[in-house]
Amino acid sequence: MSSIMSDSRVWLITGTSGGISQVLVKEAIAAGERVAAITRAASSVSKLSAAYPSDKLLVVEYDVGNPAHSAQALFDKVHTHFGRIDVVVNKAGYALSGVVESISEEDARTQFDVNFWGAVRISREAVKYFRENKIPAGRIINVSSVGGFVGNPTLAFHSASMFALEGFSEALHKELLPEWNIKVILIQMGGVRTEWVKSNMVDHPLPPAYDTPASPANRMRHFVKSNPPTADPIKLSRAVITISWVADPPLRLPLGADSQWLVLNKLNELTKDVDKWSALTLSAVADDADPHLFKKLYSDA
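Following this note's numbering, the numbering of the sequence shown begins with 1 at its first residue and continues without gaps.
In short, the hints are calculated from the structure, not lab data.
What you are looking at is a predicted structure, and each value in this text was computed from that prediction instead of being measured.
Treat each hint with caution, since some may be false.
Distance condition first, Cα-Cα at most 25 Å in a straight line; then the derived PhoX-like pairs of lysine-lysine [what the hints assert, rightly or not]:
1. Lys295 with Lys276
2. Lys225 with Lys266
3. Lys134 with Lys77
4. Lys47 with Lys276
5. Lys276 with Lys266
6. Lys134 with Lys56
7. Lys266 with Lys295
8. Lys26 with Lys47
Cβ-Cβ distance ranges computed for the label pairs, FRET-style [what the hints assert, rightly or not]:
9. Ser102 with Lys276: 30 to 36 Å
10. Ser49 with Arg84: 31 to 37 Å
11. Leu267 with Ala41: 39 to 45 Å
Think of the CB as a built atom: it goes at the ideal place given N, C-alpha and C, for glycine as much as any other residue.
Let the sequences and hints guide you as you build the complete structure.
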């Protein structure tokens, strides 16, 4: 595993009011890095502010879900303070919990504004910043969820926003020029032992039709409430720091035993379905078409 050699880097981390982002701030500073902690309210990180000097930590108020807030102004402020930005972590987000029927379109759109569009605006500015400032190894770490790869009952709109983030990140990863040395990394988190579920999950009651012991929605809620998350926030944060140093990182990195199992299980199911229905799939190919056209495109990339 090759690594990037550099002096103390600067991290820009969103969603630092609590949860894994706040742990990541502490672990990055402990590792000798400097951090700009982005939060909607500076009061939510007052203990962090008091614990570190300004040459190690900068707290910036910024609402990632508000398109009126300028991402360029945010980057300018962090750059003015530290002189550089090396790693950008998009972690701001929350989850709507409830069956599809019980969640309004307005609430679902707000979910996308924060989880997806907020990360898009920050990622877009990060690419521009890294390229124009010739940062030697810029990193965009988009913290998704295993729910961005595997849909689960009661989390349809959270999964939809994370699926969108994963599709966006994969496309962005593929369109960046190699000489820029900007890498996009998706962290697919499973359950983590923080207060995130209590503070960042908005529960909607199950409608009567779903509120039965055997319903998938009810079983999912019972499972989540009855079983503690498996991932340790400090270990997970250290894994994120480790992958940020890798010169050629994977696009997707599941973190946690539950995340890994769910990803592997879906890949297995998908492979079985593709193999089983291969003849029907290929029956749609035009008689004069080259069935290997896209294979050629990707092999030439």
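Compare the structure with the hints numbered earlier in the document and write down the numbers of the violated ones, lowest to highest. Numbers 4 and 10, in rising order.
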